[in-house]
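A.B. asks: As you go down the protein sequences, you meet chains A and B in turn. Under numbering that gives the first Met the number 0, residues 0 to 461 are what the first sequence spells out, in order. Under numbering that gives the first Met the number 0, residues 0 to 461 are what the second sequence spells out, in order.
FYI, nobody ran anything at the bench for these hints, they're computed from the structure. There's no promise every hint is true.
[Unchecked claim] Covered by chain B, according to a simulated footprint, are these stretches of chain A (three or more residues, beta-carbon under 8 Å):
hint, segment
1, 143–155
2, 404–416
[Unchecked claim] Calculated lysine-lysine pairs in the PhoX-like style (CA-CA distance at most 25 Å, straight line):
hint, chain 1, residue 1, chain 2, residue 2
3, B, 238, A, 211
4, B, 238, A, 300
5, B, 238, A, 440
6, B, 217, A, 215
7, B, 217, A, 297
8, A, 300, B, 215
9, B, 119, B, 315
10, A, 366, A, 261
Beta carbons: idealized from backbone N, C-alpha and C, even for Gly.
2 protein chains.
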Amino acid sequence: MLDKKHIKYFETLVGEENVYSDKAHLIAYSYDATRTRYEPEAVIFPRDEADVSAILKYCNEHQIVITPRGAGSGFTGGALPSQGGITLGMEKHMNKILEIDMENMVAVVQPGVINMDLQKAVEEVGLFYPPDPASEQYSTLGGNVSENAGGMRAAKYGLTKDYVMALRAVRPNGDIIRAGKRTIKDVAGYNIAGILIASEGTLAVITEITLKLIPKPKFTKAYMGIFPSVDDAMNAVFKSLAAGANPVAMEFMDDLVVQALKEKLGINLPEDAGALLIGDVDGNVIEEVEFQLETLEKSFKENGAQEFIIAHDAQKRDELWYARRNASPSITIFGSKKLNEDISVPRSMLPEALERIYAVGNKYGFKVPCFGHAGDGNIHVNVMVDGSDEQQLHDGHKAIEEIFELVVEMGGTLSGEHGIGTSKAPFMNIAFNEVELDLFKSIKQAFDPNNILNPGKMGLPN
Amino acid sequence: MLDKKHIKYFETLVGEENVYSDKAHLIAYSYDATRTRYEPEAVIFPRDEADVSAILKYCNEHQIVITPRGAGSGFTGGALPSQGGITLGMEKHMNKILEIDMENMVAVVQPGVINMDLQKAVEEVGLFYPPDPASEQYSTLGGNVSENAGGMRAAKYGLTKDYVMALRAVRPNGDIIRAGKRTIKDVAGYNIAGILIASEGTLAVITEITLKLIPKPKFTKAYMGIFPSVDDAMNAVFKSLAAGANPVAMEFMDDLVVQALKEKLGINLPEDAGALLIGDVDGNVIEEVEFQLETLEKSFKENGAQEFIIAHDAQKRDELWYARRNASPSITIFGSKKLNEDISVPRSMLPEALERIYAVGNKYGFKVPCFGHAGDGNIHVNVMVDGSDEQQLHDGHKAIEEIFELVVEMGGTLSGEHGIGTSKAPFMNIAFNEVELDLFKSIKQAFDPNNILNPGKMGLPN
Numbered sequence: 000m001l002d003k004k005h006i007k008y009f010e011t012l013v014g015e016e017n018v019y020s021d022k023a024h025l026i027a028y029s030y031d032a033t034r035t036r037y038e039p040e041a042v043i044f045p046r047d048e049a050d051v052s053a054i055l056k057y058c059n060e061h062q063i064v065i066t067p068r069g070a071g072s073g074f075t076g077g078a079l080p081s082q083g084g085i086t087l088g089m090e091k092h093m094n095k096i097l098e099i100d101m102e103n104m105v106a107v108v109q110p111g112v113i114n115m116d117l118q119k120a121v122e123e124v125g126l127f128y129p130p131d132p133a134s135e136q137y138s139t140l141g142g143n144v145s146e147n148a149g150g151m152r153a154a155k156y157g158l159t160k161d162y163v164m165a166l167r168a169v170r171p172n173g174d175i176i177r178a179g180k181r182t183i184k185d186v187a188g189y190n191i192a193g194i195l196i197a198s199e200g201t202l203a204v205i206t207e208i209t210l211k212l213i214p215k216p217k218f219t220k221a222y223m224g225i226f227p228s229v230d231d232a233m234n235a236v237f238k239s240l241a242a243g244a245n246p247v248a249m250e251f252m253d254d255l256v257v258q259a260l261k262e263k264l265g266i267n268l269p270e271d272a273g274a275l276l277i278g279d280v281d282g283n284v285i286e287e288v289e290f291q292l293e294t295l296e297k298s299f300k301e302n303g304a305q306e307f308i309i310a311h312d313a314q315k316r317d318e319l320w321y322a323r324r325n326a327s328p329s330i331t332i333f334g335s336k337k338l339n340e341d342i343s344v345p346r347s348m349l350p351e352a353l354e355r356i357y358a359v360g361n362k363y364g365f366k367v368p369c370f371g372h373a374g375d376g377n378i379h380v381n382v383m384v385d386g387s388d389e390q391q392l393h394d395g396h397k398a399i400e401e402i403f404e405l406v407v408e409m410g411g412t413l414s415g416e417h418g419i420g421t422s423k424a425p426f427m428n429i430a431f432n433e434v435e436l437d438l439f440k441s442i443k444q445a446f447d448p449n450n451i452l453n454p455g456k457m458g459l460p461n
Numbered sequence: 000m001l002d003k004k005h006i007k008y009f010e011t012l013v014g015e016e017n018v019y020s021d022k023a024h025l026i027a028y029s030y031d032a033t034r035t036r037y038e039p040e041a042v043i044f045p046r047d048e049a050d051v052s053a054i055l056k057y058c059n060e061h062q063i064v065i066t067p068r069g070a071g072s073g074f075t076g077g078a079l080p081s082q083g084g085i086t087l088g089m090e091k092h093m094n095k096i097l098e099i100d101m102e103n104m105v106a107v108v109q110p111g112v113i114n115m116d117l118q119k120a121v122e123e124v125g126l127f128y129p130p131d132p133a134s135e136q137y138s139t140l141g142g143n144v145s146e147n148a149g150g151m152r153a154a155k156y157g158l159t160k161d162y163v164m165a166l167r168a169v170r171p172n173g174d175i176i177r178a179g180k181r182t183i184k185d186v187a188g189y190n191i192a193g194i195l196i197a198s199e200g201t202l203a204v205i206t207e208i209t210l211k212l213i214p215k216p217k218f219t220k221a222y223m224g225i226f227p228s229v230d231d232a233m234n235a236v237f238k239s240l241a242a243g244a245n246p247v248a249m250e251f252m253d254d255l256v257v258q259a260l261k262e263k264l265g266i267n268l269p270e271d272a273g274a275l276l277i278g279d280v281d282g283n284v285i286e287e288v289e290f291q292l293e294t295l296e297k298s299f300k301e302n303g304a305q306e307f308i309i310a311h312d313a314q315k316r317d318e319l320w321y322a323r324r325n326a327s328p329s330i331t332i333f334g335s336k337k338l339n340e341d342i343s344v345p346r347s348m349l350p351e352a353l354e355r356i357y358a359v360g361n362k363y364g365f366k367v368p369c370f371g372h373a374g375d376g377n378i379h380v381n382v383m384v385d386g387s388d389e390q391q392l393h394d395g396h397k398a399i400e401e402i403f404e405l406v407v408e409m410g411g412t413l414s415g416e417h418g419i420g421t422s423k424a425p426f427m428n429i430a431f432n433e434v435e436l437d438l439f440k441s442i443k444q445a446f447d448p449n450n451i452l453n454p455g456k457m458g459l460p461n
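With the hints as extra help, turn the sequences into a complete structure.
C.D. replies: And the structure:
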């Protein structure tokens, strides 16, 4: 598809040093966090928006498919060049924080900026950028916007979409569009920024992001609730929130995760803990922090909590969080390969959802340790299989499909924060009917009539 | 365009009592808050989503244009049948609160529910629906979603879009689509709900809305800052917010509004007040309320405030708010007709924006009293003219166009909350370039290829 003539054109356009077409580099850029591999035919690093526009225009005219890529840390293959063609690497040059506007509490960044770099830069001046996906140390803000990244703090502070005020982006034909403003309110024209968020790089290439910042809360404390069972903990989640608690985070770990943390890492956790809820609360005044802790403690205890622990200082807070941060690596004691999905249900459905998910695991004989962002109904479900056993892999995927079906039946979604990409594309027809899938295709067509931009993702045509 | 055969079809479909085609009713449904008149050829009241689907399908097949309408309280003509055809009245039957789900803090409503009816219903059970457009007593939630309504509380609590979790809607071809979930997080598929919000009824007819609710804050107090000049007040707006204040509302009134309130309503306001800032602060604990008041007072005084008044009880709070609530009716002392626009700029640009707006008024010899939601940069600009003087009307519209130009030049928007509709459609090319306007057309085409749904709005083709 991509011949020497095309490579030559791109080398002239952006400089030889910004075009990789040698085997070693193509292999290096062939995978993301899904571990699935698709080799691109070239990797190009645009230096600026004008480069992005020229590259896309050329690709559009020559029917060359092109996939934008940030850090490649996605869990569903959004940045994989599954149809070959060009990978557009945004992390090499387009990685600058352009402005931190303290007067309007706004940051303007290029898409290749790493999430944590922005967090640190704004905290230095007393401001706060809340979205904190687990990948915050390496994922890029362009990727965060394209997948609408969540994180631990979403329970109180919301998702990436809640902070995007404006975008600049390039359509597949090279047209540069501006969407949104550096204003809190803007109702002129269609909400183009709204549809670009979570569109997984299939509609346009984002070249600049204007993000809302908020004042950094002055006080933070951590808490942990210890429950006899998953069911008790899940009831405590929605009942404490309905009682008025508004924690920054409310993270969940089930009994299997607790067991794994003890066995693999020797973490000291209560003998009889059937489930844990852990999180932070914050406020501008210490009384607000205390109000939150009191509300949580009361509600947790009414729902069977054996113990409610408060971390009053940073060291104790780190100790409480250590367990949660190690949940994911610890559970490999239950199987060499985890098939992990990030389903989300209405919070009141969490008790039933977990019960039914475990039942699916039992049916196939798999352990299914679960943890995640219970405060917003988003659970990371891990079906643990022996990765060298074909039958187990096959059954594991069947189990995942059954889990998706029960989640959708309960009013939930295939993905709370990881997106669809290639991994979940086969399940789109569980969540959407023909009419809805057709509408997605019409929207894709409106932005990208030649279907050159990240084709084949999200259940859209190759 | 609409003949007896069509009317007959609709009467059979929804019942004769739900189809108006007599002159008196057509006149009654010919205007909205813009006072511009366009007569529909029939008004139809669907009883449910199935009716909406059948009506749209028929209109699509017969190329009949159709305009959805809530309370007709919009300020830019979004609900006006500017191309004739059918007005689809959502307020008669589809006006039920279907569910208040306290466990998930979610309300499910039909589009014809009046904003205040929902506010009251949820407050009765300790919950809170923040968006409070000035039309809250009569505007419908379907209209609020279609225009992305804001309000006084947007400074802290955001806009309608921040509360929409899911929508059901009917496409012009009759297809019923579901967009979003009763989950906090959902990144499966394109953000269809996101593009329907603020689309002014041009893409689909909304038939059901799932809204996020939050716990009702326990404490509220009001404040008023009195400033010698508009410039001082406008500086205090962004500086107090950047200093960490997070008031529920921060409303602005300029010296002309203060003068009008005194002269027309005899309201007792300080003799030398050049501008006022008024608002509420709230919190779960009284210390948070006090923190907010202290932050505001300090910052206001650093920016020239002569006085900072706190309303500790409900009666005093009503007194402070009485001025703001009467701002709009009082300013008619400056001209029989107001040409009012709701521009929005980045908050730090407010001082310069106001200065330049007054200069435009001076150039033409018009008073331009301004008030509005300064906390989110959204100002209601009123060019006051003699409505019986053609030259003044002509010059007034020229002044408005100049104001739009300077606002866009300063990074602002044509509309913070009123939308574009018919009124601001002529100005869309000030805010958007050809490429962006073409993209809007492509999106409209994707949803509504026959262009039957509310055509001619937002600068889109008739």
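A.B. asks: Now tell me if each hint is right for this structure.
C.D. replies: Hints, one by one, checked against the model:
With 5 residues having a Cβ less than 8 Å from any Cβ of chain B, the segment 143–155 of chain A passes the three-residue criterion, so the hint holds. For the segment 404–416 of chain A, the proposed coverage by chain B is satisfied: 7 residues have a C-beta within less than 8 Å of a C-beta in that chain, meeting the threshold of three. Using a Cα cut-off of 25 Å, the hinted pair residue 238(B) and residue 211(A) holds, with the two alpha carbons roughly 16 Å apart. Under the criterion of a C-alpha separation no larger than 25 Å, the hint pairing residue 238(B) with residue 300(A) is inconsistent with the structure, at around 43 Å.
A distance of roughly 46 Å separates the Cα atoms of residue 238(B) and residue 440(A); the hinted pair therefore is violated under the 25 Å criterion. This hinted pair checks out: residue 217(B) and residue 215(A) have alpha carbons roughly 23 Å apart, not beyond 25 Å. With a C-alpha separation of about 18 Å, the suggested pair residue 217(B) and residue 297(A) falls inside the 25 Å cut-off, and the hint holds. Between residue 300(A) and residue 215(B), the direct Cα distance comes to roughly 23 Å. Compliance with the 25 Å bound is thereby established for this hinted pair.
A hinted pair counts as satisfied when its Cα atoms are at most 25 Å apart, and residue 119(B) with residue 315(B) qualifies at roughly 22 Å. In summary, the hint linking residue 366(A) to residue 261(A) is supported, as the alpha carbons are separated by about 17 Å, within the 25 Å threshold.
Violated hints, in rising order: 4, 5; the structure is consistent with all others.
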